[in-house]
Structures are given as C-alpha cells and as structure tokens.
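Participant: Chains A and B, in that order, are what the protein sequence lines are. So this note's numbering is basically just the index in the first sequence, starting at one, shifted up by 1131. So this note's numbering is basically just the index in the second sequence, starting at one, shifted up by 1131.
Treat the hints with care, as some may be off.
What the hints assert, rightly or not - Simulated crosslink set (DSSO-like; lysine-lysine; CA at most 27 Å straight-line):
hint: 1; chain 1: A; residue 1: K1354; chain 2: A; residue 2: K1238
hint: 2; chain 1: A; residue 1: K1529; chain 2: B; residue 2: K1238
hint: 3; chain 1: B; residue 1: K1258; chain 2: A; residue 2: K1518
hint: 4; chain 1: A; residue 1: K1518; chain 2: A; residue 2: K1354
hint: 5; chain 1: B; residue 1: K1196; chain 2: A; residue 2: K1238
hint: 6; chain 1: B; residue 1: K1518; chain 2: B; residue 2: K1529
hint: 7; chain 1: B; residue 1: K1334; chain 2: B; residue 2: K1196
hint: 8; chain 1: B; residue 1: K1238; chain 2: A; residue 2: K1521
Everything labelled a hint here was simulated from the structure, so no lab data went into it.
2 protein chains.
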Amino acid sequence: MSNYNEMWRSLGLNMEAHDRLLQALPPTYHDVYLTQPNRPQGLEYFDFVVNEIHGLRIQELQEHKQNGGKVIGAFCVFVPEEIVRAAGGICIGLCSGIDIGAAEAEKVLPRNICPLIKSFMGFKLAKICPYFESCDMVVGETTCDGKKKAFEILNDYVPVHVMETPQMKRGRDRELWLEEVRDFARLVEETTGNRLTTETLAKSIREVNGKRRALRRLAELRKNDPAPISGLDSLLIEQIAMYDDVERFTGKVNELCDELDKKVQTGEGVFPSGTPRVIVTGTPMAIPNWKVPHLIETSGAVIVAEELCTGLRYFENEVAEDAGAMDAMLENVAARYLGVNCAVFTPNTGRMERLVQLVREYNADGVIHCALSFCDPYAVEANRVEKVLKEENIPLLKIETGYDQEDAGQLKTRIEAFIEMLG
Amino acid sequence: MSNYNEMWRSLGLNMEAHDRLLQALPPTYHDVYLTQPNRPQGLEYFDFVVNEIHGLRIQELQEHKQNGGKVIGAFCVFVPEEIVRAAGGICIGLCSGIDIGAAEAEKVLPRNICPLIKSFMGFKLAKICPYFESCDMVVGETTCDGKKKAFEILNDYVPVHVMETPQMKRGRDRELWLEEVRDFARLVEETTGNRLTTETLAKSIREVNGKRRALRRLAELRKNDPAPISGLDSLLIEQIAMYDDVERFTGKVNELCDELDKKVQTGEGVFPSGTPRVIVTGTPMAIPNWKVPHLIETSGAVIVAEELCTGLRYFENEVAEDAGAMDAMLENVAARYLGVNCAVFTPNTGRMERLVQLVREYNADGVIHCALSFCDPYAVEANRVEKVLKEENIPLLKIETGYDQEDAGQLKTRIEAFIEMLG
C-alpha cells in the first residue's frame, strides 16, 4: 500500500507509528483468517477490503471530501447512519479494536479503563487512524461512563457531538431520544450544508435497511448445520459493515449469501456437521479484535451468532418504511434505535429474552459471554445473563479480557474445557 | 453495645460477621479521630453517634417502624429526602464505605469494580448492615454504570426503585428528571401509605434546607485561618448527615458552630495558622472511609472543604421555598437536585468552575483529587479538573485508591511531597 503514503502524510498521520501498525496487521490476518478451512469464495471481497483498510477506502473518503462531501465518525450503533447518508455524508465506525497509542492515551485517561476507549484515544492522540483524521465531526453517545467522559477529552482534539442515549425505554425516554435524533438531523444538515428531504431520507432508510437485511440473510444461513461460514468470517463482515460503502457492501454480502445458499443445499460447511455450536455475547468486538472468536473456533466449536453491537444488535431491527412525512420518518428512526438491547438500559431484559430465543433458533449448545476488561455495563450484566441461562439450563462461559495476548493461553484452556463439556 | 444483640438477631444479621465489624471500628476510630489535636467539644455528640452507629439509631428506626413508619435507603445525594420525610418516612444513606463481604459480593459482581459498589453488595449479601435490613425499600439511581447495573442484582434481595438521573442539564433532561421526582413522590406515598400535602412537603423542605444551612454554616467557618475544625471531623459530620435524625442533627451542628464562632473570634484552630490548606474533590467518601483525609491531615495540611457528594454537593444548594402548590414544590425539589455537580453529567463544567471558586473562597493552596479505583466518571473527569486547575495555576495531586490499606504508605509519600511543595 506504499502508493498511499502521500495521502497519509497529507492527513497528518504519524507515518512511523502508522507503518508499524500496517506491518503488524497482515501476519495477524493471515494467521487468524487465511488459515481457516473451507472458506467461501465470496470472502475474497472482504479480504480485499481489509487489505485496503487504510488505503482504498480512505482514498474514497478523500474523493468524497474533495467533492464537498462530509465524513462523520462514530463509535456506537446508536448513531443513525440513515440521517448522515440522507444528507450526502458518509458515516464510518472509528478505529478502536487494537492496543495502540496507549502511552499517549494514558496521559489523559486512567490506566484501568476499557481497552476500546484507550484505543480510540490512543489512535487520535498518536495520529495513527486515517479514518479519524478524515472526520469532519465525531459523534459520541452516553452509553457508558468511560466513553461519555472520554468524549469530553476527545473534544479537545476533534469536534465531538454527544447524543444522550436514555437509560430506560419508557415514554419519557423515547421522547428524550427523539429530540436527540431531531437535534442530530439538524446538526448533520448544518455540517453537510444539505437539507434532509423526505425523498433523500426515505431512500437512505431503504438503503441502510437493505444492508441490515443482507446481514440478516447471512445470519439466517448460519442456522444450518454444518454452518456454511465461520463465526470469524461473519464477525469480519459485521465489522466491515460499519465503514464500507453501503450499497457495494450490501451487494457483496448478498452475493456471498447466494454462494452460501448453494453450500447449504449441498450440505457443505466450514466445520463438520455436529460441531458444537456457540453464541457469543457481550461487548462489541471492534476490528481487529478477533482474539476470543479465534480461540473458540480453533478449539473445536463454531460460532453461529454474535449477540453483540458488532453483530445482531447492529442489524436485527429495521427502521419502519411506512412514513411519508419528515417528522414521522425521524420518529421511525428514533424508535428503531431504542430497540437495541444495549447494557446502557436498566433493566436490559430484552437482551436476556433474545439470548434464550437465539439459543433455540440457532440450535446453539452454549453461550460465551465476553466482556472487555473494566466494562462495567456488560461485566455486571453478565450476572443477569448467567441467571437467565441457568434457569434455561443453557451452558455459559464468562470471560473478561482486554486487547493484549497475555491471557490467550489461559483463555484457550478455559474455552477448550467449556467446549469439551458441550460436545 | 451488647444489649442490641436481640435487635440485630431479629433483623437477621449475620451475628458473627457483624461482631467482627463492630470490633474493628472502635480502634480505627480511635486512631483516626480521637488522637486529633484541639478537637472542639461539640464533637462529643458526633462521636457518640458513631459509637452508636449500629445501636441507638437502629433502635430508633425499629421504633419508627413499630409505629407504622417506613424506612427508605439510598446511596446517592440525588434521592430527595424531603419527599420521604414529608410522607412520614425516614431516608437513610446505606453502608458502603468499608471492604466487607467481598467474597459474597464477588459471586455476583466482577472483581474489578468500584469498592463502594462491592461494599454495598457485600453488606447486603453477607447480612452485616442493620440499616440495609431495616429498609422497606431501597432507591437507586443511574449516576454510574456500576451502580446502575448492580441495582438490577440487588433487586433480587431487596426491592429497589431506580430513578433515572439524566446525563445533561438541558430542558429535556429537566423534564425527564421532574417526571422521575413525581414518580418517586407517588411511590413514596404508596410505600408509606401517607399522602403528601402542601403543608407536610413545605415543612419537610424547610427542615431539610435547615440541615443544609447548618452544614453550610459549618463550611463557612472553615474559611478562617486557622481552621477551627479539622477536615476529618467535618467529613464525619457530613457522613452522619445522611443517616441521623434531621432536626436533632441540625441542632447539634448549629451548637457546634456556636462554639466554633467563638474559637474563630479568639483565633483558636486545630492546626497552627499558616498550615497548608487543601480542598479534597472526587468520589464520595462513605463512612468509615477516612483513609485519604487521615493521610492528608497527618502529613502537615488541613482540609478546608470537600467538593464531594459527602461534602459541599450535599448541602450547597437549597430547595426554593417560594412555592405554594404541590406541583410547583416538586418542581423546586427537582430543580435543586439538578444543581448537583455530579460526574454523571457531560460536560460537568459546573464542577470545574465551582472548584476554582472554592480555591479562592477558602484560600486553599492546592487540590487533592481522590477517585475510587475503577470509578470511570471521576477518574476520567480528573483530566478536566487537571486542565482547569493548570490554567489557574492551582496545584493538584491526583489519587486513585480503594478501601484497602495496602497503598497507604505509598500514598503518604505522595501526599507529603505534595504538601511540602505547597508549604
């Protein structure tokens, strides 16, 4: 990717640190992804996207900006992509899945904080993320204490707009959230210089729903035994969903699903039929955080669903397409996002119910709960998950881990023991 | 206090564990409190209250309950005491300031969680807190992730009502909070069986304001050099404010202030004039968490104010007494609580402004920021405090610590070096 050097330099990247990152990724990707057995051909596109993660896609963003377009970065599935897109903007998920720039981040953050937060602060402060440096605005939210307070600091380095996500799902919370969505729409109009129209918003809602539908189609295919695609590859696609071009991505996921349809018909899978089936749940796994899924799928199990923000929570609800007026459309957008079973909500009973349902629907043998270190919302909520799954006699393994590899051996031992117990 | 055994047994306390706690407290209290020089006489009452912490006050609660009264427990300055009191209830702050019942708590909570949360869960699960066991209801809030999610678990053991504290202070947040306060008033009416009237609420607002005024009078006296009372003793009084009888407590604080008035006139103080003056800010210090203040005041400084929830945030704002109708009164109550500079709010600029103001008003030489381990709201917000104080050339020491004593030596070294720098 050396031909991007000029672009990266013009973005103000720390070239040396960025080079180190780019050198570290391909061997990891090779070991984790390219050594998997029986990978579908349709993954070539996604391999290509990862290979060009800081190259071609960044170039596209720059071309978009040169044509007057705006780029809006986000860290959370609560930021309504429909609205950004309807105003001609591009919405991208920002880098936060790798231990990088920690020395810089720890100058402004406590040591004992969730690695995802430390990662995004490190990326920004050390100037290693070309997505971050392409953003005209970053949108934060109040889904957890660490992010909420870290956005105040991040705002020293890049303009951050914070959306207040409510903490319950009652009428008053829906009203508050609707006002947040309306404010966001106004802000996006100001930032992009483009007014939202009923036509552009309706189109954008359909397109983003189309992406969600393609991802749901992929998810549905994983209900088969043998599973036609690995959990690792599915997670990768879900991660890419957050920064790739919407229409192109949707098309490629559907093409892949066409291929998987055939595999299902012929009974082909990535692992033998009867392989223990696991659902992963917990904190988001931002790219390139593949640690736990890799350990699981090299320990004799297949992941059949991710009850994660980088997973089902991102695509299982659609925005209703029945509205004709702007107000009603924004209400539909707001309503869709409050359907997400995030641990910001108390209680988050929807998540527990959904998990039990998923275990049945996907014919899973067990659940692995992964919380990032120091993530209070999910680490504490794990107790609720444990309670409900115990009542349903569903085996559960609880893991807390960060982005480093120090505990990989110990985790592998625990995961292998769990899977053996399922088998 | 052996004559309370029957009462404690009837409350279902774990007598053995409770005995161990009762045996541990007096030596600590002696070392930290009773060895202080030049203590005002008016502290005798507060020493007595601490000595009877699980005795006489619990007996009063039991008598109140035998007469049909209700007891409502809380963990946060956001729970409106006025409303509980107006309905004939007693509102008490619950035990959370000591490392106890950790083995029990860690069965339901992650290891790496704020010690205050682990403490209250430990107290409940190990059945060591007679206040907890006296509660008809516990009121939680959504001020931080850890508490918010832990209340879901606590609700398995005692009925918990959670108030949704908003995360900003705009119109929509005020509306949401006002609805929360109205709901709380209705719930308190149901729980106590007593309707709120404009008379009872007005009276209760005046009484709780009276408590706040007495505490403010005490705070004002600490602006003098030499300070007429130690920070440790002031903190103790602020801690006791949360569970003692409102009227009696107010009277005793005012009596103490009469004594301190005279000391100020004669220039008497607890430490010599010119002793470095420090303001403590950060996470609440629940009784008996006196670790850092004790280290500070045995290292050559005097604490002149606590910008804490167990401090100024608890009493510096009053509920306006100008309303005649119930609705307007509840609006005044709601408005008062949103004036608290809690780190739940983003941004929490009011706290930064207030801190700078306090340093001037109290003629402080420096600020010590204490965050409990794993407390994201305050540990991350410490960066904002640092930024503002640096701009104002106000020295700052940042501390993160738990309830154990393991780091006491290291903390003392850091605190001594900081104070030496101030002197």
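Participant: Would you mind marking each hint as holding or not holding in the structure?
Facilitator: Hint check:
| no. | hint | verdict |
| --- | --- | --- |
| 1 | K1354/A / K1238/A | violated (46 Å) |
| 2 | K1529/A / K1238/B | holds (13 Å) |
| 3 | K1258/B / K1518/A | holds (21 Å) |
| 4 | K1518/A / K1354/A | holds (25 Å) |
| 5 | K1196/B / K1238/A | violated (52 Å) |
| 6 | K1518/B / K1529/B | holds (12 Å) |
| 7 | K1334/B / K1196/B | holds (22 Å) |
| 8 | K1238/B / K1521/A | holds (15 Å) |
In this structure, the hints that do not hold are numbers 1, 5, in rising order.
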